[in-house]
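Chains Y and F supply the protein sequences, listed in that same order.
Okay, so the first sequence: first residue is 37 according to our numbering, each after it adds one.
Okay, so the second sequence: first residue is 1097 according to our numbering, each after it adds one.
These are computed hints drawn from the structure, not numbers from a lab.
Computed from a predicted model, the values in this text were never measured in an experiment.
No residue lacks a Cβ here, since even glycine has one placed at the ideal position from N, Cα and C.
Hints are not guaranteed to be accurate.
[What the hints assert, rightly or not] Per the computed footprint, the stretches of chain F lying under chain Y, defined by three or more beta-carbons under 8 Å from a beta-carbon of chain Y, are: (1) 1136-1150; (2) 1227-1236.
[To be verified] To give a feel for the contact side, a few chain F residues facing chain Y, derived at Cβ under 8 Å: (3) L1113; (4) A1115; (5) L1118; (6) I1123; (7) I1125; (8) F1126; (9) L1155; (10) P1157; (11) V1158; (12) A1159; (13) R1160; (14) G1162; (15) V1321.
[Unchecked claim] Incomplete in silico selection of chain F near chain Y, CB under 8 Å: (16) Q1109; (17) R1112; (18) L1114; (19) L1122; (20) R1130; (21) W1191; (22) A1296; (23) N1299.
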Amino acid sequence: MADWRLADRRLAVPVAATLAVLGFVFLSLLPPTQAPGWPGPDPVLCLVLALVLRRPDQMPALLIAALLLFEDLMTLRPPGLWAAIVLGGTEILRDRARLSREVGFWAEWALVAGVICGAFAANRFVLALLFVPQPPIAPVAVEAAATVALYPLIVGVLRFGFGLRKPATGEVDARGRRL
Amino acid sequence: MARDQSTEAEIRQTRRLLAAVLGLGLIAIFLVWRIDSPRVERLRMAVIDRIVPDMGWALVPVARIGAMVADFTSYARVYEQNRELRRELQQMKAWREAAIQLEQENARLLDLNRVRLDPSLMHVTGVVLADSGSPFRQSVLINVGQRDGIRDGWATMDGLGLVGRIAGLGERASRVLLLTDSASRVPVTVLPSGQRAMVAGDNSPLPPLDFVETPDLVRPGDRVVSSGEGGVFPAGLPVGQVVEGRDGRLRVSLAADYLRLEFLRVLRSQVAPTIGDPGGLLLPGGAVAPAVPADG
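Using the sequences and the hints, build the whole thing.
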């Protein structure tokens, strides 16, 4: 019985992440009720980065790739490119997940901001390289900035809404495995 | 302990290898899209076609709530709006008189001419299901598709004016590329001067008017209708009015109500007959000689 619940808990993060991404895509698909103005942040990117830093073991690369590819397909982006870039970004963060545990939130935010800006820049660069028509640079920059600004909010919701925080160094889970 | 660490490093390396393979797979998908875009777009449309109509039950109430919230915020301006509406109503009454008179006159003239209205302008009405989902693409999905005889490229209107054209077909859904999308280019005529121009979407609510022959002849307030050039759209569909942007550029204020896209009409346009041969000689006796190519 206890084992079963533990297994459940290990599945909780992937399942919740999938549901959240589906929810965000669903919301973005709602018919337009306001004039197209400045673009908002990209919540899916924030969520994936925050979860990779918190539970790297429970956010496998396959899940990230599948979720982002699905989002690419639904939101008319060139399929595959953004997913590949985000996958690269999460791999960079995954290597530094243990390091980011030891530093405070500000350093983590700076790291994530670097990854977000790098992802947007890489996306633009590759699209320009292959002559894919692109939106002008100003709204994209606004989107990147808004995404960076949204990150603490997502982290706050994860921390205070779902009790998901970065494990301290050397903390173990209920089975005694290192987190 | 040392052994534990070495297995951990092995696991990490395997994981990184798998992630690299995944990333390469995704990039391969992207490259295939870049090389053979239509096929991958068809695949994308098939995925959307499977998912979105099944989401309709959830999309409709949420969209309705959004519309209610928008309506509620407009209560704040209710007094202002009321006055505006009264003023508009007065103008409308005058117009209504004029319209009734014109209608009677038109009926009389049609009767005199025995004109038959063009039967090619029939339409299929669909309900808007979903948005493009991206701030950089302006398109909506509607719930009619191949099953209903829709074809790629057909013009789409709401009750008031041109909205866009069909770009992407599924079995049960199709995508309407709005005039505001940066990939949308529609040939138009500006009335009354008759100037030809292009409405070129740029992701803003007021798309600019490009390639005007003589910009001096175009004034803010002029009517813009589709010109039917290129055979994409039927001619004479209302598009909007000319306005001048703050930067002095001519733009089009669209007649269609883009904030309340709910029901859209897809106009069935017939394939225009193309005139290929240069025309045969008319011989006495009613026979027509086959056209002779100029160089043969």
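Okay, the hints, checked on the actual structure:
Counting residues of the region 1136-1150 of chain F whose beta carbon lies closer than 8 Å to any beta carbon of chain Y gives 6, which reaches the threshold of three, so the coverage claim holds. Counting residues of the region 1227-1236 of chain F whose beta-carbon sits less than 8 Å from any beta-carbon of chain Y gives 10, enough to reach three: the coverage restraint holds. Given the 8 Å rule on beta carbons, the hint for F:L1113 is violated: about 10 Å separates it from the nearest Cβ of chain Y. With a cut of 8 Å, the hint placing F:A1115 at the interface with chain Y holds, because the nearest CB-to-CB distance is about 4 Å.
Of the supplied interface hints, the one on F:L1118 holds, with its beta-carbon coming within about 5 Å of a beta-carbon of chain Y, less than 8 Å. Contact between F:I1123 and chain Y, as hinted, is supported at the beta carbon level, the nearest pair being about 5 Å apart and thus within 8 Å. This hint holds: F:I1125 has a C-beta 3 Å from the nearest C-beta of chain Y, less than the 8 Å allowed. The criterion of a C-beta within 8 Å of any C-beta in chain Y is met by F:F1126, whose closest approach is roughly 4 Å, and the hint holds.
Taking 8 Å as the C-beta contact cut-off toward chain Y, the hint placing F:L1155 at the interface holds, the least distance being around 7 Å. Annotation: interface hint on F:P1157 violated; nearest CB of chain Y at approximately 11 Å, more than 8 Å. Because the beta carbon of F:V1158 sits about 6 Å from the nearest beta carbon in chain Y, less than 8 Å, this interface hint is met. Below 8 Å, beta-carbon pairs count as interface contacts, and F:A1159 has one with chain Y at about 5 Å; its hint therefore holds.
Interface restraint check for F:R1160: the shortest CB-CB distance to chain Y comes to about 10 Å, outside 8 Å, so the restraint is violated. Taken as an interface hint, F:G1162 checks out: its beta carbon lies about 5 Å from the nearest beta carbon of chain Y, inside 8 Å. At its closest, the beta carbon of F:V1321 sits 23 Å from a beta carbon of chain Y; the interface hint therefore is violated under the 8 Å criterion. Against a cut-off of 8 Å between C-beta atoms, the interface hint on F:Q1109 is violated, since the closest Cβ of chain Y lies about 12 Å away.
The interface hint given for F:R1112 holds, since its Cβ lies 7 Å from the closest Cβ of chain Y, which is under the 8 Å cut-off. For F:L1114, the shortest C-beta to C-beta distance to chain Y is roughly 6 Å, which falls under 8 Å, so the interface hint holds. Among the interface hints, the one on F:L1122 holds; its C-beta lies about 4 Å from the nearest C-beta in chain Y, closer than the 8 Å criterion. For F:R1130, the shortest C-beta to C-beta distance to chain Y is roughly 5 Å, which falls under 8 Å, so the interface hint holds.
Below 8 Å, beta-carbon pairs count as interface contacts, and F:W1191 has none with chain Y, the closest being about 27 Å; its hint is therefore violated. About 13 Å separates the beta-carbon of F:A1296 from the nearest beta-carbon of chain Y, more than 8 Å, and the hint is not met. With its C-beta approaching chain Y no nearer than about 6 Å, F:N1299 sits inside the 8 Å limit, and its interface hint holds.
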